[in-house]
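> Listed below, chain by chain, are the residues.
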Amino acid sequence: MNEAQLRSLTPSVLGILVRRGADFAAAEDAVQDALVEAVRVWRAAPSPSSSNGEHPMRDPKGWLVTVAWRRFLDATRADAARRRREDLVDEEPAPGPVSAVDDTLQLYFLCAHPSLTPSSAVALTLRAVGGLTTRQIARAYLVPEATMAQRISRAKRTVSGVRFDQPGDVATVLRVLYLVFNEGYSGDVDLAAEAIRLTRQLAAAVDHPEVAGLLALMLLHHARRATRTAPDGSLVPLAEQDRGRWDTGSIAEGVDILQAALARDRLGEFQAQAAIAALHADAPTAEETDWVQIVEWYDELARLTDSPVVRLNRAVAVGEADGPRAGLAALAALDASLPRHAAVAAHLHERDGDLVTAARLYAEAAHRAANLAERDHLTRQAARLNSRSSEAP
Amino acid sequence: MAKYLLLKHYRGAPAAVNDVPMDRWTPEEISAHVQYMNDFAARLETTGEFIDGQALAPDGMWVRYDGEGRPPVTDGPFAETKDLIAGWMVIDVDSHERAVELAGELSAAPGAGGKPIHEWLELRPFLTAPPTVTE
Chain A
1 MNEAQLRSLT PSVLGILVRR GADFAAAEDA VQDALVEAVR VWRAAPSPSS
51 SNGEHPMRDP KGWLVTVAWR RFLDATRADA ARRRREDLVD EEPAPGPVSA
101 VDDTLQLYFL CAHPSLTPSS AVALTLRAVG GLTTRQIARA YLVPEATMAQ
151 RISRAKRTVS GVRFDQPGDV ATVLRVLYLV FNEGYSGDVD LAAEAIRLTR
201 QLAAAVDHPE VAGLLALMLL HHARRATRTA PDGSLVPLAE QDRGRWDTGS
251 IAEGVDILQA ALARDRLGEF QAQAAIAALH ADAPTAEETD WVQIVEWYDE
301 LARLTDSPVV RLNRAVAVGE ADGPRAGLAA LAALDASLPR HAAVAAHLHE
351 RDGDLVTAAR LYAEAAHRAA NLAERDHLTR QAARLNSRSS EAP
Chain B
1001 MAKYLLLKHY RGAPAAVNDV PMDRWTPEEI SAHVQYMNDF AARLETTGEF
1051 IDGQALAPDG MWVRYDGEGR PPVTDGPFAE TKDLIAGWMV IDVDSHERAV
1101 ELAGELSAAP GAGGKPIHEW LELRPFLTAP PTVTE
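Heads up: the sequence lines are chains A and B, in that order. Residue numbers for the first sequence follow the numbering used here, so the first one is 1 and each next one is one higher. Residue numbers for the second sequence follow the numbering used here, so the first one is 1001 and each next one is one higher.
Among the hints, a few may not be true.
Said to hold, decoys possible - Covered stretches of chain B, as calculated for chain A (at least 3 residues, CB under 8 Å): (1) 1018-1031; (2) 1063-1072.
Said to hold, decoys possible - Residues of chain A clear of chain B, computed beta-carbon distances all greater than 12 Å: (3) R43; (4) F164; (5) P231; (6) I276; (7) E288; (8) R303; (9) R325; (10) D376.
It should be emphasised that the hints constitute simulated quantities derived from the structure, not laboratory data. Bear in mind the structure is a predicted one, so any value in this text is a computation, not a measurement. The beta-carbon is built from N, C-alpha and C at its ideal position, and this holds for glycine as well.
All chains should be built: construct the whole structure from the sequences, respecting the hints.
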């Protein structure tokens, strides 16, 4: 067992405490304490035989429940709190045969509750479902630990009135997991890998084609991760990535999951996005990419989401499938103030041979880029074209 | 989930509505102003939106590299009020609208006569890490 496997017990342990009558906020704190304690004991004595008495690795789940429950009782020892706890126990129906799978699913719903802001839902999910510490989450999002602690306790207060057995909407959970995956990675926690782990766990708890679609999408993008940036940190565009270094195991798993989901004929935006990623992953070289099919998937995606960003990406695909003029025509129908509009226009003008316009648009796109790596990449594109045209006779 | 810099400086912004220099305020008005800023930061800590805030000394200098083995060249200090950067605050919020709302609140800090200064703050988004999903 490793720390991620230990953390995977978080939802079921938390579910048990809540079903015993603990309120969610206090139970969550208690489970967090127990996890920290388990890691501490474990690091001090890595195997059960090397320690005396109870060891978290002998029966990790039983150990966590015992320690967390003890912490919860300690924390609520005050009279008023005890009364409240007894009331709660009275109100709760007799705990029936509830499975850990149901508890896990309910926790996902609670942590992605629509009353939470996206950043609160992300933080609460990573802690209460993922079992990460506040410090780890704070480092991953580059905010002070005190700020992240406040964000999490505020989120817990916001959902304190929500019944634990209330069914939720899978779509809100998927949006939160997608945010975790898409935010990139920093600190000592690999957020992309954590998002995949949490989505895999969700897929085991609920049978839903869009959950499968999101998991496939993540696996297909994660497979290309090592090739997306050069050693100096600069972005490597898809067409220039070393396809021999893509993770074929991850691609195969993503494609399998996607095909099973698509066969159920309940298409959603994550399945459509995954289908596009799968077509890229499937092409042995950039030139062999099936752009015609990709355009068709973008049409599906536009129908499902009506997102201007999708139409922008569709214009890129049209440019590859039918030539840069067709791409520019598709682009002309879109609002020029969209993020990355100038970058797409620059690329299409370059392919159309208009290097002067392309260089100007690359520079404009760099000025408007929302992230540093993309800005540097676009500036380099402008510089490349400018130095080429100044060499011309 | 986006970080913004709220920058208080005096480079090119129009004059504030309540534009009386701080040394012409009463001591109580200065205390009220400082208290407002502290309360604002404390409140952002409780909402989980506060990252950092610092005030800067008005005196600074220019520094540049002057070649291998040579000490850096310095110039100044230049403490012209019109170029002064007074301080900054960094926030982490869910939307651009929220960032604008908070900048507006910070600009309402009281000045002379206990009335809001309405001073102009520059709001600048941080550049982020690239998203994982791009196409």
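> Next, verify each hint and record whether it holds.
Hint-by-hint comparison with the structure:
no.	hint	verdict
1	1018-1031	violated (count 0)
2	1063-1072	violated (count 0)
3	R43	holds (30 Å)
4	F164	holds (23 Å)
5	P231	holds (16 Å)
6	I276	violated (6 Å)
7	E288	holds (16 Å)
8	R303	holds (18 Å)
9	R325	holds (21 Å)
10	D376	violated (10 Å)
The earlier numbered hints that this structure contradicts are 1, 2, 6 and 10.
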